[in-house]
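Protein chains in written order, with the numbering used here: chain A, 1 to 331; chain B, 1 to 329.
Because the hints were derived from the structure by calculation, they are not lab data.
Check the hints yourself; a few may be wrong.
[Said to hold, decoys possible] Here are the computed lysine to aspartate or glutamate pairs in the DMTMM-like style, where the Cα-Cα straight-line distance is at most 25 Å:
#	chain 1	residue 1	chain 2	residue 2
1	B	K244	B	D226
2	A	K171	A	D182
3	A	K139	A	D152
4	A	K213	A	D144
5	A	K210	A	D145
6	A	K139	A	E72
7	B	K88	B	E56
8	A	K37	B	E49
9	A	K286	B	E171
10	A	K286	B	D135
11	A	K210	B	D135
12	A	K210	B	D323
13	B	K98	B	D277
14	A	K32	A	E219
15	B	K194	B	D221
16	B	K244	B	E171
17	A	K213	A	D145
18	A	K287	B	D277
19	B	K244	B	D323
20	B	K129	B	D226
21	B	K234	B	D323
22	A	K213	B	D221
23	A	K32	A	D144
24	B	K129	A	D323
25	A	K287	B	E171
26	A	K210	B	D316
27	B	K194	B	D226
[To be verified] Computed footprint of chain A on chain B; a stretch qualifies when at least three of its residues, placed anywhere within it, have a C-beta under 8 Å from a C-beta of chain A:
#	region
28	145–157
29	283–289
[Said to hold, decoys possible] Far from chain B, by Cβ distances over 10 Å, these chain A residues were calculated:
#	residue
30	N71
31	E72
32	L131
33	S227
34	S229
35	L309
Built from N, CA and C at the ideal position, the CB exists for glycine as well.
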Amino acid sequence: MTEFQELNHVDPPADLHHDDSIGVLQTSLSPKRMAAKRFVNHRAAFVSAIVLTMIIIFVVLSPITARYGINESIFKAEAGHPNQNLAPFNLAWFGTDSNGRDLYSRIIYGAQVSLMIGLFTAIGSVLLGTLVGGLAGYKGGWLDDILMRVTDIYLALPLLVVLVIVRGMLKNVDWVTAIMGDTSSVRFLVILLTVVGWMGVARLIRGQVKQLKEREFIEAARALGASSSRIMFRHLLPNSVGQIMVALTFAVVGAISAEATLSFFGFGPDAGSGMTSLGLLIRDSKKAVPPGYWWLVVFPGVFFIILSLCINFIGDGLRDAVDPKMQQEVK
Amino acid sequence: MLRFIVRRLLWAIPTLFIVTFVVYCALRLATNPLASYARANPRVAKDPEKMAQYVETNGLWPGFSGYVRGYFVWLKGFVTGNWQVSIKGSRPVWPNLKIALVNTIRLGLLAVMVSIPIGLSLGIFAALKPGRLRDTAVNTGAIIGFSVQPFISAIILQLFFGVQWAKWFGEPLLPTSGLYPPGHQGFDPVLMLKYMILPVIVVSIQSIASYSRYMRASLLDVLNSDYLRTARSKGISERRVLVKHALRNAMIPIVTLAALDIGAIVGGLIISEAVFDYPGMGVFFLNAQSNGDFPELMPWMVIITSSVILFNLLADLAYAWLDPRIRLD
């Protein structure tokens, strides 16, 4: 809504409600409050935020919400009374997997791991990306050139190929494996995804900083004798907080999807140690297709779609909220 | 314009060398070709003399200077057509790579032909009445499209059209794996098309989403520009304003996007190819990767990176050609 109003101020259609968070009538609202209001008015984003909060509460309270332990069978299998690959029924709402475990509980445990990977990776990529992107955008010059060239190529290559090759490289360097742990550990995965994921963030922040540094208030700060680092940390970055938040949101969904893609192809965390992730559950569902165990395919897949949908909507809403004039960067 | 083209072309050549060198080092490190060779030929691995000979002929020396020398050995072989044979099975690489490349281009172009018209129409449809129901619907649909990861849509489609359909109606509606039924000989476009429907859908979902969003943003941008207001105030009919002035200008960034998109096809369909067992570049990559087959992976990477660089160049040229303002700087 809001984005449209800014873009289409010439001829607004009659049936549109006027959003009083924009315009001169309500100058009393601070920019932060205005952004919050715009976010709430983005209906899909607001609903998604509620749904995501519920999912997170549900997942964090797994001792209460999950019905079975992560590797627990729903009951002891006996001859003529199997517990494997059962369609949904009252003991297992989402059915059971090939080991007789409750899929509903396992989705909760998997979401725990996936969300954790997503969050840690996103924080790492945003820290690194903001640092490099901010520096490149502010200083320009060769650093900026290199960053743009490298990210150009990187963004054009298929993500899976980059991940698989970087994974292979990290695996074969001894001192790296000493820090990162085994290739099947969650720590390794988080570091791998961070190493690959910061570049997208860096580009975003670079664009934002480049735009901001031409503004009058930065010029004023410079005229008053502020040092580069003061301009960077007191002016440019605080004014980019909105964009950084947007980047963080999309980094979470990017990391969760990357984890799932890697797991799907067998490059993910190790399932043997009594843990699972959404990616591993979806990987298992590949095997459930030929015999037609639809619940093993539909529930993890749909849950994953809902999760990324919520985060994507929140990111979209945040983007509109922090920058209503924002015109999508095409290249 | 000519100077611009020449300058860009001159830039692309060093880029290609640097990129292939980086790829060479990355792949050498990631696949460890010597270890893969030893694994594939356990008997030869016991003979240090033969191993040393393999190192010498393929330029697999250790250390950074070894990598640099090895790169030039590889480059010479690659350019002169003396490609290294694959580690697994010691076969020439090009014949299989060629088949995979052709299959992937076929699938990718079909997906592009499906997704560009649909995506652009949706974007235009949304931008014409911004803020209305149709706009919200297209935007929401695009975000849903982004959120549906290809491997999820692929297995759900497989389950529905292959397995469940067969359960309900006796036989599957669409084939769910391969390019032809097993044992099929020769070329049969109609049959092949049937096998390509599901992979094309999977690939198209996300591209339709992104095309519709870009088209909408680009068209809205133009619709609110000053020159369009001028055109309107001159009294030109709305239809003419839209077709002659708005759409033509709105297409400029889309052409760039499409060029980049087509350049990324060659390596970008891995997921749907893998799920549907489609014998393309993606499956080739996954197989070569699991064998640590450096001689197979290197030409593969060269093809996909050159395709990306080439289409980047074409995108720049197209942009400069369509929008003269770009050429000045």
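Status of the hints after comparison with the structure:
1. At roughly 15 Å between alpha-carbon atoms, K244 of chain B and D226 of chain B fall within 25 Å of each other, so this suggested pair holds.
2. The straight-line distance between the Cα atoms of K171 of chain A and D182 of chain A is roughly 8 Å, inside the 25 Å bound, and the hint therefore holds.
3. Simply put, K139 of chain A and D152 of chain A have alpha-carbon atoms about 19 Å apart, close enough for the 25 Å limit, and the pair holds.
4. Pair hint K213 of chain A plus D144 of chain A holds up; C-alpha atoms about 15 Å apart against a cutoff of 25 Å.
5. Proximity of K210 of chain A to D145 of chain A is assessed by CA-CA distance (about 13 Å); at most 25 Å being required, the pair is judged to hold.
6. Of the pairs offered as hints, the one joining K139 of chain A and E72 of chain A is violated, with about 56 Å between alpha carbons and a cut-off of 25 Å exceeded.
7. For the hint linking K88 of chain B to E56 of chain B, the alpha-carbon distance of about 19 Å falls within 25 Å, and the restraint holds.
8. Proposed proximity of K37 of chain A and E49 of chain B is contradicted: the alpha carbons are some 74 Å apart, above 25 Å.
9. As the CA atoms of K286 of chain A and E171 of chain B are separated by approximately 20 Å, the hinted pair is consistent with the 25 Å bound.
10. For the given pair, K286 of chain A sits about 36 Å from D135 of chain B by alpha-carbon distance, which is inconsistent with the 25 Å threshold.
11. A threshold of 25 Å between alpha carbons decides the hint, and for K210 of chain A with D135 of chain B the separation of about 31 Å lies outside it, so the pair is violated.
12. For the given pair, K210 of chain A sits about 23 Å from D323 of chain B by alpha-carbon distance, which is consistent with the 25 Å threshold.
13. Between K98 of chain B and D277 of chain B the CA atoms are separated by roughly 17 Å; this keeps the pair inside 25 Å, and the hint holds.
14. For a cut-off of 25 Å, the pair hint linking K32 of chain A to E219 of chain A stands: about 23 Å separates their Cα positions.
15. Straight-line distance between C-alpha atoms of K194 of chain B and D221 of chain B comes to about 40 Å, which puts the hinted pair past the 25 Å bound.
16. About 50 Å separates the Cα atoms of K244 of chain B and E171 of chain B, which puts this hinted pair outside 25 Å; it is violated.
17. For a cut-off of 25 Å, the pair hint linking K213 of chain A to D145 of chain A stands: about 18 Å separates their Cα positions.
18. The hinted pair formed by K287 of chain A and D277 of chain B meets the criterion: a straight-line CA distance of about 14 Å does not exceed 25 Å.
19. At roughly 15 Å between alpha-carbon atoms, K244 of chain B and D323 of chain B fall within 25 Å of each other, so this suggested pair holds.
20. The straight-line distance between the Cα atoms of K129 of chain B and D226 of chain B is roughly 19 Å, inside the 25 Å bound, and the hint therefore holds.
21. In summary, the hint linking K234 of chain B to D323 of chain B is supported, as the alpha carbons are separated by about 23 Å, within the 25 Å threshold.
22. Distance restraint check for K213 of chain A and D221 of chain B: the Cα-Cα separation of roughly 24 Å lies within the 25 Å cut-off, and the hinted pair is therefore satisfied.
23. For the hint linking K32 of chain A to D144 of chain A, the alpha-carbon distance of about 30 Å lies beyond 25 Å, and the restraint is violated.
24. Of the pairs offered as hints, the one joining K129 of chain B and D323 of chain A holds, with about 22 Å between alpha carbons and a cut-off of 25 Å not exceeded.
25. At most 25 Å may separate the alpha-carbon atoms for a hinted pair to count; K287 of chain A and E171 of chain B meet this at roughly 20 Å.
26. Taking the CA atoms of K210 of chain A and D316 of chain B, the gap is near 22 Å; set against the 25 Å cutoff, the hint holds.
27. Under the criterion of a C-alpha separation no larger than 25 Å, the hint pairing K194 of chain B with D226 of chain B is inconsistent with the structure, at around 48 Å.
28. Counting residues of the region 145–157 of chain B whose CB lies closer than 8 Å to any CB of chain A gives 8, so the stated coverage by that chain holds, three being the minimum.
29. Coverage of the region 283–289 of chain B by chain A holds in this model, with 3 residues showing a Cβ closer than 8 Å to a Cβ of that chain against a need of three.
30. In this structure N71 of chain A is separated from chain B by more than 10 Å, as the shortest Cβ-Cβ distance comes to about 24 Å.
31. Every beta carbon of chain B lies more than 10 Å from that of E72 of chain A, the smallest distance being close to 26 Å; the non-interface claim holds.
32. No beta-carbon of chain B is positioned within 10 Å of the beta-carbon of L131 of chain A; the least distance is around 23 Å.
33. The Cβ of S227 of chain A lies farther than 10 Å from every Cβ of chain B, with a closest approach of about 31 Å, so its non-interface assignment holds.
34. Every beta carbon of chain B lies more than 10 Å from that of S229 of chain A, the smallest distance being close to 30 Å; the non-interface claim holds.
35. For L309 of chain A, the non-interface assignment is contradicted: its Cβ lies about 4 Å from the closest Cβ of chain B, within the 10 Å cut-off.
When each numbered hint is compared with the structure, violations occur for hints 6, 8, 10, 11, 15, 16, 23, 27, 35.
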